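**Q** Residue numbers (this note's numbering), protein chains in the order written: chain P, 1 to 116; chain D, 1 to 115.
With a straight-line Cα cutoff of 25 Å, these simulated BS3-like cross-link-like pairs (lysine-lysine) come out:
#  : chain 1 : residue 1 : chain 2 : residue 2
1  : P       : K83       : P       : K42
2  : D       : K49       : D       : K69
3  : D       : K49       : P       : K57
4  : D       : K58       : D       : K69
5  : P       : K57       : P       : K42
6  : P       : K57       : P       : K78
7  : D       : K49       : D       : K68
8  : D       : K58       : D       : K68
9  : P       : K78       : P       : K42
10 : D       : K42       : D       : K58
11 : P       : K42       : D       : K68
12 : D       : K42       : P       : K42
13 : P       : K78       : D       : K42
14 : P       : K83       : P       : K57
15 : P       : K42       : D       : K49
Here are some chain D residues the structure puts well away from chain P; computed CB gaps all over 12 Å:
#  : residue
16 : D8
17 : E15
18 : G16
19 : P18
20 : S28
21 : S70
22 : E71
23 : T72
24 : S73
25 : A86
26 : N114
27 : P115
What the hints contain is simulated information worked out from the structure, not anything from laboratory work. Nothing here was measured: the structure is a model prediction, and the numbers come from that model. Where a beta carbon is used, it is the ideal one built from N, C-alpha and C, also for glycine.
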Amino acid sequence: EPEVTQTPSHQVTQMGQEVILRCVPISNHLYFYWYRQILGQKVEFLVSFYNNEISEKSEIFDDQFSVERPDGSNFTLKIRSTKLEDSAMYFCASSPGQAFSTDTQYFGPGTRLTVL
Amino acid sequence: AQSVTQLDSHVSVSEGTPVLLRCNYSSSYSPSLFWYVQHPNKGLQLLLKYTSAATLVKGINGFEAEFKKSETSFHLTKPSAHMSDAAEYFCVVSHTMGNNRKLIWGLGTSLAVNP
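Bound-form chain P, shown alone:
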């Protein structure tokens, strides 16, 4: 069964450093997403991506964040200058793009980002 994959599973970085989180969505899916979950808090929507552009982003997704689909298979989330509060589990998801009411998002295992 096809699944979303994410690398790395755990990333440790120093404050102020850039990180790139990688995801390989399910092939032939059309919509891609990033969510994050800070320890003890809700899963929060960050951004959705469709047709090679951002379709929606949350307030969290400020200028320090960017997404890219560089080669038709990978979907990346870049944080330019990490802050302590960026420490979280980051989940990538993809969905086929069917009729709205039946479109299901499939999630990867997550990348745990720790900013020191």
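Take the given structure of chain P and dock chain D to it, following the hints.
**A** Same frame as chain P, but now just chain D:
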């Protein structure tokens, strides 16, 4: 605005007894609702979804949920808990507008299953 409230942060049951995980939602229009499960060190797996068809939805691993519009609830149930059901469960509502689709999550309910 849409929101989800999971009424219990922790639920503990004995193996073989019924499971009830409660969820209430708020939505200005007919929602799509989901339950996802997260086992330790694993990703988020879809258990079941409601998308305005039958109000009683059956999912994987014997779970089901009933959409009750009058109560704005979407509680998750299972007749008989198994040890492997121990996990974190999330009730989720989908917000869809054009090409904008995002999931709005509850805080989660941690289910413990005792032998």
